[in-house]
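So the sequence lines, in the order shown, correspond to chains D and X.
Residue numbers for the first sequence follow our numbering, beginning at 7 and rising by one.
Residue numbers for the second sequence follow our numbering, beginning at 4 and rising by one.
I should point out that these hints are in silico values taken from the structure, not numbers from a laboratory.
Taking lysine-lysine pairs in the BS3-like style, the calculated list, with each CA pair at most 30 Å apart, reads:
{"#": "1", "chain 1": "X", "residue 1": "Lys130", "chain 2": "D", "residue 2": "Lys29"}
{"#": "2", "chain 1": "X", "residue 1": "Lys25", "chain 2": "D", "residue 2": "Lys23"}
{"#": "3", "chain 1": "D", "residue 1": "Lys37", "chain 2": "X", "residue 2": "Lys25"}
{"#": "4", "chain 1": "X", "residue 1": "Lys76", "chain 2": "D", "residue 2": "Lys29"}
{"#": "5", "chain 1": "D", "residue 1": "Lys29", "chain 2": "X", "residue 2": "Lys25"}
{"#": "6", "chain 1": "D", "residue 1": "Lys23", "chain 2": "D", "residue 2": "Lys54"}
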Amino acid sequence: MQIDINTENSILIITLKGSIDSKTASEVQQKVLEASVESDNVIIDLTKVDFVSSAGLRVLLMVYRQIKSKNGKVILVGVSEEITEVMEMTGFINFFEIIDTVTNALSSF
Amino acid sequence: MATQTQTITYEASLDVLEPIRKLLTQIGQEVELSKKKTYGLCLAVDEIATNVIRHGYEEAGITDGVFDLIIKKNDNQLVVTIVDAGTPFNPLEHNLPTEQDLSIPLEERPIGGLGVMIARQSVDEFKYEFSNNKNRNIFIVRYDQTDY
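Just chain D, same shape as in the assembly (with noise of 0.2 Å):
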């Protein structure tokens, strides 16, 4: 599991790579939640992700908790459309905006 993180005009983006099921989920949290901490908006490239089980999705539900408490907003790019079976299934899907491409995420801040 692959982790980047950069801010662009302030909008933390964050980069995933690899799998996140209940093994690499706890490190994903705990990275991406200690990075969203000073941030309000946040952008998670899931482009590399090539799959998420439910603990993958508890960690975007947390990320989303922590944004939301400050009343920012959390942008998911590059989802795969398996993963967004996942997310219909779960109604997960309603409370993500999900953006094609990073650049197309930055514009819409």
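On the provided structure of chain D, position chain X as indicated by the hints.
Using the frame of chain D, we list chain X on its own:
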């Protein structure tokens, strides 16, 4: 194609999740299962294997647990079974989140309960049996040509 069966024994550790997904993906390709069904199978097995490792063994204080993954390739379907000797747990008796639960805003939603729901919905058929003091979680995916 005659029925082919293989059984692999895994340590009850979260480290085995990725190798299991890789194996199932490879088998999915061999039997020309669609990408969507292969992903669904990996996801369902991942969720239940996680429960077996975490709740069936870890929480029961069993540190040297193992489970078997039995993969059966038939003419028209792939049947994957997880056999474990951990705490008996029937996912079919687990209360699934209702439509109402799923519409609760994420900031108010209780965490948990999603794994079993995802597992049951990601394969064509999900069955549970308890025999010889072992849990048997059975996942069935059919080779559905119309799915391509």
